Amino acid sequence: METVKIIKPMELLNIDNITMQFGGLTAVSNFKLKITPGELIGLIGPNGAGKTTVFNMITGIYTPTINKIYFQEQDITGIKPDKIAKAGIARTFQNIRLLDNLSVIDNVMIGFHLHLRSNLVSAILGLPSYAREEKSIHHKSMELLEKVELEKFKEEKAGSLPYGQQRKLEIVRALATGPKLLLLDEPAAGMNPQETKELMSFIQKIQDDFNLTILLIEHDMKVVMGICKRILVLDYGITIAEGNPAEIQNNPEVIKAYLGVDANYA
Amino acid sequence: MKKNNGKLYTILSLIVLAILIYFAENNLDAYNLRILNLGAIYVTLGVSLNLIFGFTGQFSLGHAGFMAVGAYVTTLLVLPPWYKEMIYILEPLVWPFSIMHTPFIIALFLSGIFAALAALLIGLPVLRLKGDYLGIATLGFAEIIRIIANNIPQITNGALGIKGIPEFTNLWWTVGVAVVTIYIIKGLINSSYGRALMAIRENEIAAEVIGVNLTYHKVMSFTISAFFAGVAGGLFACLLTTIDPKAFMFIMTFNILIVVVLGGIGSITGTVIAAFLFNISLEYLRPIEAGFNVGPIVIPAIPGLRMVTFAALLLIVILYKQNGLMGGVEFSWNGVSRFFQKLFPNKKTSEGSST
Chain A
123 METVKIIKPM ELLNIDNITM QFGGLTAVSN FKLKITPGEL IGLIGPNGAG KTTVFNMITG
183 IYTPTINKIY FQEQDITGIK PDKIAKAGIA RTFQNIRLLD NLSVIDNVMI GFHLHLRSNL
243 VSAILGLPSY AREEKSIHHK SMELLEKVEL EKFKEEKAGS LPYGQQRKLE IVRALATGPK
303 LLLLDEPAAG MNPQETKELM SFIQKIQDDF NLTILLIEHD MKVVMGICKR ILVLDYGITI
363 AEGNPAEIQN NPEVIKAYLG VDANYA
Chain B
480 MKKNNGKLYT ILSLIVLAIL IYFAENNLDA YNLRILNLGA IYVTLGVSLN LIFGFTGQFS
540 LGHAGFMAVG AYVTTLLVLP PWYKEMIYIL EPLVWPFSIM HTPFIIALFL SGIFAALAAL
600 LIGLPVLRLK GDYLGIATLG FAEIIRIIAN NIPQITNGAL GIKGIPEFTN LWWTVGVAVV
660 TIYIIKGLIN SSYGRALMAI RENEIAAEVI GVNLTYHKVM SFTISAFFAG VAGGLFACLL
720 TTIDPKAFMF IMTFNILIVV VLGGIGSITG TVIAAFLFNI SLEYLRPIEA GFNVGPIVIP
780 AIPGLRMVTF AALLLIVILY KQNGLMGGVE FSWNGVSRFF QKLFPNKKTS EGSST
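Chains as they are written, first to last, in my numbering: chain A, 123 to 388; chain B, 480 to 834.
Be aware that a few hints might be false.
Stated by the list, open to error - Calculated pairs, DSS-like style, for lysine-lysine (alpha carbon to alpha carbon, straight line, at most 25 Å): (1) A/K279 x B/K725; (2) A/K274 x A/K208; (3) A/K257 x A/K269; (4) A/K279 x B/K800; (5) A/K274 x B/K821; (6) A/K257 x A/K276; (7) A/K319 x A/K351; (8) A/K154 x A/K302; (9) B/K665 x A/K276; (10) A/K262 x B/K665; (11) A/K302 x A/K202; (12) A/K302 x A/K327; (13) A/K262 x A/K190; (14) A/K279 x B/K642; (15) A/K327 x A/K276; (16) B/K821 x A/K257; (17) A/K269 x A/K327; (18) B/K609 x A/K276; (19) A/K262 x A/K351; (20) A/K190 x A/K156; (21) A/K205 x B/K609; (22) B/K563 x A/K257; (23) A/K202 x B/K609; (24) A/K302 x A/K279.
Source of the hints: derived by calculation from the structure; they are not laboratory data. All values derive from a computational prediction rather than experimental measurement.
This is chain B alone, in the form it adopts within the complex:
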């Protein structure tokens, strides 16, 4: 009974979410929509990074690379052939990209597939490494992807980047993808396979001796994580309408990492909250870059001061609240009902106190 109630609540809240999106799409201005869209894309990115980093315990810094793969695949697939012929000035686009043209949803799906293939390819050798070494190797991979993108103008148009990508991305897409991502990754985490992933995080030797195939599970987690990073990359390209290799520098991965750590490593709920908080506060912190006065002290305009704020915040979290916002606690309808029972102890005490 209780579980069915939970399902009902989930469906109801999805309907509420859909109504909210409808109103947001019709009433908010482009600026606010952009912030919300970025927030939702960061949810997808953060939750997928959390799968490999938070739940499987593998320190991967390759997310910007997978995003880049996804962004370029989507871009090449959604641009009409005549337009591609026009913008590839340095060198013409190679076949078959020059003639391919697919709907947005297929482009997104293929973005994920290509990113997942890239993950499969590098995951097999690289996931033998542990800890910081894995971090450096995956970071290296992301940089390689970016530099390759810079140097194959016949596919990526090189450093010029690609402009005029159709703006398909809206809140329906970004939130929809985020919801699907959460649904799938949550399903994975709560399954026996998810327990195997967490066993790897907790103690690799123990996991292996209980019969968890390390290579299979690590690569599986890495590949699924990359799939969603790729899809997010596609959304990202069709939101900004312009991409170039510089968009996928390490800072991109770092931003996602901030979201995961602030939200709580191993908490999907925390990642969702942190993704929106991060993007909203990134905008509202803009004034501090313009320079301001603290009493008699004049702080000049320093570009990038916003990120310093986040760096400081990250330090505070690491020093005083390692578990992040949510500390590994997940949202659940049972949790909500317990919370309300605590808030209003007079009502419905008969059931609540027994457990």
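Here chain A stands alone, though its shape is the one from the complex:
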């Protein structure tokens, strides 16, 4: 048994046929997905298809009604979101959820809180051990901000940033938690073509820099087709197709359900 486990390439995330029901409504049914480290996977589907529900289940905001989710072969079903974050899954939100009244730098520094080693007393009294840790957190946060060229706004309130910058800040905050798996919920929403282009290279860059595995929800087909090697299509909670961009583009099910009959976007 043990030897078999070692030989197999370890899956980072293994979603085993989960179903999510809200009362009588089945939001997602029999969803399965195995992600190996280093992948960049796209999750697409029409509005209300259940994409964000999948994210909410992976991050522990919802607990799947049926079956389980494994992260690094650990069962994470029903575990609280903060524990899942600590295990190494970070996410952004479709409707940006920044800490609007806190400064940009604080928004990033809070991401390091889950790895804080100092205890409450040493933090309150500002003991040297804590002061060192705080300094290093500040330093690392500045480095992250420099990556997205937000360092000049570090004292601004996060809520006062322009929309595109807020999206970047939210991604940086997610990176601060030191994730292995990053879930991006419509990162390109509301961006103009130029910003979208920058975002695509940014996503690829952070994937390389931080050794990340990324699962991405996106409506902008240019983004999904451009950077994802593998794509899943959800419709009414059911996975209707899975494959590489070319396969998805030519899949009749997908064209019917999502892209429209005479879609010719490519």
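Got chain A; can you put chain B on it based on the hints?
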């Protein structure tokens, strides 16, 4: 360098504060001392309420309850056993309270601990609630504490209350406790844990997904807040020298809430200023309760008119200046130096303008 300067200024201003207290204790009459003492106790109460309400965003109305716990604990600990035997007429005081006798400082500390334990006990279930619901639940807790105090004469002497508590509280104690409270709560707010608390206030779901353990941080904030409310309750008992359950009605929490909202939710500086302003103006507004004339209109004596003034003030603040006096701005030595550089731009322009 600059930070060290700040520390130096803080120490210097604490020395100045100590000198001021010394003079106040020796020169002011009992009436004015009482006002200042109450002001300082309100600083402790306000700053601790601000921690849970202003910084953590949890609408707690339980402060009077925690105060009551603290007040009774201190009272039972500082009263000498022979005196306790004498005043518990309805029913004798139960062991071990009947024989316990500790110094004031230990009594205060234990008051805080007991209040914190109460907070821990109710915080775990109650802090799952949000907004108004949490407010009502904590308000209910405070009322329960008061009614329990009314109904266990073997510990609290019931509605008769306890009189003749030694008057240990003076400005050294009240201001000292206020300074310690501010130091600790400010230290907490400015730490990574404080950022976690503010993250909870800003967006609970986001905070949780970034890895902030909601239960731990909320209960921690609530417990620390209650600790200081308990200590303040002990100071309060030994200032008034008499307590009974009626002293800890909802109006007490409401007064603290006024101080926090007037001073600015989430501003310690604002709370400090508002605490003293509130207590001083409460006294100076006494004449309006005696009745007065506005031109030909005769306003009769109405007890409680002072509080109406505050209610009106609160309305004005909520309508026109939601951020309160200080609007989330905190006092800092850097801020002071910037202010003076603005006032006297001719001096020291070389450094000031660059930032």
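Going down the list of hints, with the structure as the test:
1. A/K279 x B/K725: This hinted pair is violated, its Cα atoms lying about 44 Å apart.
2. A/K274 x A/K208: violated, 29 Å
3. A/K257 x A/K269: Holds - the C-alpha atoms of A/K269 and A/K257 are around 19 Å apart, at most 25 Å.
4. A/K279 x B/K800: Between A/K279 and B/K800 the Cα gap is close to 20 Å, so the pair holds against 25 Å.
5. A/K274 x B/K821: holds, 24 Å
6. A/K257 x A/K276: holds, 15 Å
7. A/K319 x A/K351: holds, 17 Å
8. A/K154 x A/K302: This hinted pair holds, its Cα atoms lying about 20 Å apart.
9. B/K665 x A/K276: Given that 25 Å is the threshold and the Cα spacing comes to 22 Å, the pair holds.
10. A/K262 x B/K665: holds, 24 Å
11. A/K302 x A/K202: The given pair, whose Cα atoms are some 18 Å apart, holds under the 25 Å limit.
12. A/K302 x A/K327: holds, 15 Å
13. A/K262 x A/K190: This hinted pair is violated, its Cα atoms lying about 35 Å apart.
14. A/K279 x B/K642: Roughly 52 Å separates the two Cα atoms, so the pair is violated.
15. A/K327 x A/K276: This hinted pair holds, its Cα atoms lying about 22 Å apart.
16. B/K821 x A/K257: violated, 30 Å
17. A/K269 x A/K327: Holds, at roughly 10 Å.
18. B/K609 x A/K276: Roughly 31 Å separates the two Cα atoms, so the pair is violated.
19. A/K262 x A/K351: Since the Cα atoms of A/K262 and A/K351 sit roughly 31 Å apart, the hinted pair is violated (cutoff 25 Å).
20. A/K190 x A/K156: Given pair A/K190, A/K156 holds - Cα atoms ~12 Å apart, limit 25 Å.
21. A/K205 x B/K609: holds, 22 Å
22. B/K563 x A/K257: violated, 54 Å
23. A/K202 x B/K609: holds, 18 Å
24. A/K302 x A/K279: The given pair, whose Cα atoms are some 28 Å apart, is violated under the 25 Å limit.
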